[in-house]
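S.K.: Those sequence lines, one after another, are chains A and W.
Note that UniProt numbering has the first sequence beginning at 1, numbered continuously upward.
Note that UniProt numbering has the second sequence beginning at 1, numbered continuously upward.
The reader is advised that the hints may include incorrect statements.
Since the list can't tell identical chains apart, any single copy or any two copies may satisfy a pair.
To be verified - Cut-off 27 Å, straight-line C-alpha distance, at most; resulting in silico cross-link-like pairs (DSS-like, lysine-lysine): (1) K135 with K91; (2) K98 with K156; (3) K98 with K150; (4) K135 with K156.
Hint data in this document are derived by calculation from the structure and do not stem from the laboratory.
There are 2 protein chains.
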Amino acid sequence: MTSTSPESAAAAGETNDPIHIRRLDLSDHETGFVALLSQLSACPDLTASEFATRFAELAAQGDDHVILVAEDTTAREQRIRATGCLFVERKFLRGGGKVGHVEDVVVDAASRGRGLGLRIVRRLVEIARDAGCYKIILDCTPELRAYYAKCGFVEKGVQMAVYF
Amino acid sequence: MTSTSPESAAAAGETNDPIHIRRLDLSDHETGFVALLSQLSACPDLTASEFATRFAELAAQGDDHVILVAEDTTAREQRIRATGCLFVERKFLRGGGKVGHVEDVVVDAASRGRGLGLRIVRRLVEIARDAGCYKIILDCTPELRAYYAKCGFVEKGVQMAVYF
Chain A
1 MTSTSPESAA AAGETNDPIH IRRLDLSDHE TGFVALLSQL SACPDLTASE
51 FATRFAELAA QGDDHVILVA EDTTAREQRI RATGCLFVER KFLRGGGKVG
101 HVEDVVVDAA SRGRGLGLRI VRRLVEIARD AGCYKIILDC TPELRAYYAK
151 CGFVEKGVQM AVYF
Chain W
1 MTSTSPESAA AAGETNDPIH IRRLDLSDHE TGFVALLSQL SACPDLTASE
51 FATRFAELAA QGDDHVILVA EDTTAREQRI RATGCLFVER KFLRGGGKVG
101 HVEDVVVDAA SRGRGLGLRI VRRLVEIARD AGCYKIILDC TPELRAYYAK
151 CGFVEKGVQM AVYF
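Here chain A stands alone, though its shape is the one from the complex:
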């Protein structure tokens, strides 16, 4: 057998996949991460110092707070094309159980339709399961039900909010 399946090629690191999914890094202040978030919500730019402070606060949570980013390694400039966040909530119920919360999933408008968001969300689901969470949850608009169903999510309730 000389043929190579895509899986074995990927396992051997021989994949040509131009998308690299990794954890957010301090250097991502320069790769458009905050600008990408502005496609989801109001998001004024942060100074390098402000970014570093928040990064350090979240990094202190270790694997209880994971931000993944998808980087296009073929782009001339290092740019983030998609992101998603998982944080782990520790509870007293369920025998001291843990719940994964998915937040701030966004794909750059010019990079949609390539499955980047789904790849990130699926990875976050794996991380939550491997961390021993008994469930992973997220809130979304009704139009996104089918999108998240592709990652195994089912509708469970309603999200309520107070804005200050």
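Chain A is already provided as a structure; the job is to place chain W on it using the hints.
M.R.: Positioned in the frame of chain A, the structure of chain W alone reads:
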């Protein structure tokens, strides 16, 4: 004027309100807190050591993780009648904004209809606002929409979940 309004009596600490709302304490392993949570979700009892470990993990989060309990000071035994949790999520968006998440609100079946849950949720909303959160959110069943509307919550989206 010799009459005393309920407000001024409360301000002077002269209230006869038998309900004391306070933060969860390590000693609440003995006051029925875990048993109360079992009215909300599967909740096997925790040993004193397991309870202390989880308590310490959450206490390390300081004011970013607050569990309130309502204690009936007139009961023969010290018992928790209601509880609710708030944790603060720190984000990069909204200028490094913060979001309050309400979790695990439960009122003892024998103490419902006294407004204990509403008092706890309203207090959690105040804490989130005072902490500088730009919003506070929670997930609930559709039947509880009107309940949380009494605390100012409006429906914003759908909750999706994967159970492992």
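S.K.: The structure should be examined with respect to each hint, and the outcome stated for every one.
M.R.: Consistency of the hints with the structure:
1. K135 with K91: both (12 Å within a copy, 22 Å between copies)
2. K98 with K156: Both. Shortest intra-copy (18 Å) and inter-copy (25 Å) distances satisfy the 27 Å Cα cut-off.
3. K98 with K150: Within. Shortest intra-copy distance 23 Å satisfies the 27 Å Cα cut-off; inter-copy 29 Å does not.
4. K135 with K156: Close inside one copy (12 Å) and across copies (21 Å); limit 27 Å.
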